[in-house]
Amino acid sequence: MSTKQQHLSLPINKVPEGRLGMWVLIAGELVIFGGLIATYLQYRLRYPQWSEMAAHTSTLIGAINTVVLLCSSYTIVRAHEAAQHRDIPKVLTWMTCTIAGGLIFLVDKSIEYYHEISEGFTFTSPHLQQAGDHVNSLFWSFYYIMTGLHGTHVLVGIIVMFIIMMQVRKGKNLHRVELAGMYWHMVDLIWIFLFPLLYIAK
Amino acid sequence: MDATLHKQSFWSKYIFSTDHKVIGMQYAIMGIIMAGVGGFLAYVFRYNLAYPNASIPLFGHLSATQYNAFVTCHGMIMVFWVGMPVLLSALGNLLIPLMIGTDDMAFPTVNMLSFWIFFLSAVVLLASFFVPGGAFGGGWTMYPPFSAGGYVNHNPHFFTALFSGVSLMILAVALELVAMLMGGINFVVTTINKRTKGMTAFRVPIVVWFINIASVIFMFSVGPLVAGAFMLLFDNILGTGFYDPARGGDPMLWEHLFWFFGHPEVYVLLLPALGVLAEILPVFARKPLFGYKPIIYMALVSAVLSVLVWAHHQFVAGIDPRMATFFSIGTILISIPFAGIFLSFMATLWKGSIKFSVPMMWVLGFIGLFLIGGLTGLFLGSNTFDIYAHDTYFVVAHFHYTLFPDIFFGFFAAIYYWFPKFTGKSLNAGLGKLHFWLTFFAFNVTWFVLFFNGLAGQHRRINDYSDFSLIMREPYITFEKIATISAIILILSQFIFLYNLFTSLAKAKKGVKNPWESNTLEWVADSPPPHGNFQTYPVVYHGPYEYSLPGEGADFLPQNVQGKNDTNNVTQNNYEHKTATSFATHK
Amino acid sequence: MNIFPENVSTYGQEIDNLFWLIFAFVAIAFVISLFVLLYPLIKYNRKAAPKAEYITGEKRKHFKWVVVALVLLLGSDFVILYCEHDAWGQIESVPAKADVKVGIIARQWNWIFVYPGPDGILNTADDVIVDDMNSSLHVPINKNVVFELRSQDVIHSFFLANARFKQDVLPGRTVVRWFNLTKEGKYDISCTQICGVLHSKMRNFVMVESEDKYKHYIDSLYTANGRKTAMK
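Protein chains in written order, with our numbering: chain A, 649 to 850; chain B, 22 to 608; chain C, 22 to 253.
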């Protein structure tokens, strides 16, 4: 083993592997959401009556969620900053804030879903379908698949950040805070696109 | 580190291994098994085409539903469960770390996960044969609303809709795409980050370049289809109407999403196989690859163009007729870089010293067949002739002439070439040549006659042509029989390969390090390479194709051997010196 | 032996001609490429040429051969594109003068033909519908027949090989196309987009008739079937 170590020549290593991998993953994710958004836009332009349906979404809750996500993006940046200084208690504090932001987002979202579902606007909106209004029921299909996929990403982000926090607590894997931050920014960015498309354009 | 290595149990060494070589082998074996399934399906429906309503040996009577399902699954399996794992994943895993001179992939655990998700996807697909109603039979393109009617038409219950042929197939495809995405991330990161000392971008072998370009094309085209596949699944199991015009949707949306991925997918399959050609040709022509850098640039151009041509699959689908011209021009433009790559390959042969070894024969056969496949593509790239030829056997013969050499000739060339490396044993050359000639002739006979059937107006995916007077006449009936008999010979001749494979594996290891006298780094490692690949990480001094360089003693100059013209400039590529221990424990 | 089925449409010949034009380019390219591939295998095999020459192909004087070939290929591609352009416009756009209008509706698994009623206008209440496996679409010879293609359920594709015409029929859309058939007879219509179990049984006919016979047939439809309500 020791002879091997002596003769080891070293690889070219510009970017840390994790960061590079995360960039590639983000590129892939953006294409998935990009396809979904492009599809939605195509239908939205075809069906102007969707603006009536969009009026049923709560702009207030959407706006609150936007602010919450933006704040949580700020806190994860602070966590990353702290991680660079190996300040573990600070990392944990800021990451807790970020997770809290994610949880607030999900709670808000659930409240919103609850209101919409109680109005009868579900993934398939049976009352619209029965009334023959298939086009408008399709709006809700898009609404739920887009926000649902985004919400799933928020949930996954929260779980992953929790796992990373457990590792950081033991002083391990501090570089992963940055990766979590990159992922979280992506989630944030996607929401910035979804918010005007689903909530503001009425 | 060594101590833990030797204590590996059977499970962690061969099943849940994170070693790139084991994962590569797993992908290859899985690909061969699925090729067996796909080949059997082909046998069954080809037999039915030549002898309608006859009882098929080893199968029995084939119903129309089964025929449709078999045709659909044959296409699905050969593209997604043979071509992708074998060309992209198996080659990528086996070759990339060895060729760039490193110990393993950047993310070994993700790599293992990728294979097991792929395995799961294969299981889901095969399970779909056994659910009520059988596997999905609406073509591998899965055009809705035919593929979206699960909820409305037949299964108004969530679980019956979920466990139907169509839902399982969509799920299987989605899982497979996720597995390949994970693999692709690994390839790109490994290649960018883990190259050994001196391995600059333009010293990386073409096959590694091409697998990376293919991975990037795949990543940027598959996203919309992943989202689209879930939308199709929801149409089936929950009753949404994304693609069903009766429920507000539009089936054209799926056609766009599918082909936006589906056409780049062709290049995802083609590029790794072309990479194999680029590795093997110089070795057996003893001559540098003709135009190493231009080939890379042409591949990059084709990668960009690949996402601009998808709608040439939809010339007759009812898209705006003016759009067709745009996509026709795109199709013409993308044929140029690929023609350039093939011409460069052929130019490599000129003034070489060609040895007809078994891998070389597969390579030459590949080029010959692909010539026909590519040139017949000119007919179909013309949107006007496509009005007639679309969905006829002319198209089917065309894409078999491209995909069959691509997947099988590319794979066999790779197996015969790299088998000694990864097993330390060698395959029987005589049997290899017999295998090649039988495959080559049987394939040509099978598909060449079917071009004529296509021009006579024979359309695809029909289990019984008895109603169609244009097809039910001579010589087309005879052509069908010729195609079937020769397809059976084609399938049977693959048993020669299996026999060769197993008998060779049973032989004792010879462990010849570099039997073909090749330059690339994988031949520097032991045969088979141990866990961690290299005793010492090789240092690279020059490009991968320095054959017959004047002034050198031998007619080859491995990348890790300093030639007379090589300046010792490798250190400038070292950006960060890690300590040896931290690198060694990085597993 | 003619490799195509008999052509009976006005624009079919253009597609056949286009095939032979492309075939000429392809044949030349194939012969040259085959020579470029096979010649070195004989000339430069190990026995004949034990020592290879060191050519990287990155020098301009070597790589120019590839470039020349590519320019030729690109040129012939655009010649093909230029030659086919008119035919494409002709087939895909409907002529101003429509002599006969019919509706063609695809469903699992036969083609439904809709003739305008006595008022002569399609898509009105008095349309006559022929909905039967093995039924024929009757059209007069040498007339511009404009048809509206629709689908009731899944994607189908209308294929009339003898006219060299094919068009996918997507549910939720109406596609208007045309043909002008020049020879009397009965020709197969098939569906070329897989549409279910009986996809291979989805076969109807086009019956090309003289003007008189066609009129007679339409009259017989009006009397025999009475007036049926139009399809939605």
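For the record, the hints were derived by calculation from the structure and aren't laboratory data.
Each residue gets a CB set at the ideal place from its N, CA and C atoms; glycine is no exception.
Just so you know, not all the hints are guaranteed correct.
As the list claims (entries may be wrong) - With a straight-line Cα cutoff of 16 angstroms, these simulated EDC-like cross-link-like pairs (lysine to aspartate or glutamate) come out:
1. C/Lys222 to B/Asp485
2. B/Lys446 to B/Asp547
3. C/Lys164 to C/Asp120
4. C/Lys72 to B/Asp485
5. C/Lys72 to B/Glu538
6. B/Lys314 to C/Asp120
Stated by the list, open to error - Stretch-level coverage of chain B by chain A, calculated; a stretch enters the list once three of its residues show a Cβ under 8 angstroms from a Cβ in chain A:
7. 208 to 219
8. 257 to 263
9. 361 to 375
10. 566 to 572
Comparing the hints with the structure gives:
Proposed proximity of C/Lys222 and B/Asp485 is supported: the alpha carbons are some 8 angstroms apart, at most 16 angstroms. Distance restraint check for B/Lys446 and B/Asp547: the Cα-Cα separation of roughly 12 angstroms lies within the 16 angstroms cut-off, and the hinted pair is therefore satisfied. Annotation: proposed proximity of C/Lys164 to C/Asp120 holds, straight-line Cα distance about 6 angstroms (limit 16 angstroms). Distance restraint check for C/Lys72 and B/Asp485: the Cα-Cα separation of roughly 57 angstroms exceeds the 16 angstroms cut-off, and the hinted pair is therefore not satisfied.
At most 16 angstroms may separate the alpha-carbon atoms for a hinted pair to count; C/Lys72 and B/Glu538 meet this at roughly 15 angstroms. For the hint pairing B/Lys314 with C/Asp120, the CA-to-CA distance comes to about 60 angstroms; that exceeds 16 angstroms, so the pair is violated. A count of 8 residues in the segment 208 to 219 of chain B with a Cβ less than 8 angstroms from any Cβ of chain A is obtained; the coverage claim is therefore met, three being the minimum. Closer than 8 angstroms: that is the beta-carbon criterion, and the segment 257 to 263 of chain B has 5 residues meeting it against chain A, so the requirement of 3 holds.
Coverage of the segment 361 to 375 of chain B by chain A is violated [criterion: at least 3 residues with CB-CB distance below 8 angstroms; count 0]. Counting residues of the segment 566 to 572 of chain B whose CB lies closer than 8 angstroms to any CB of chain A gives 0, so the stated coverage by that chain is violated, three being the minimum.
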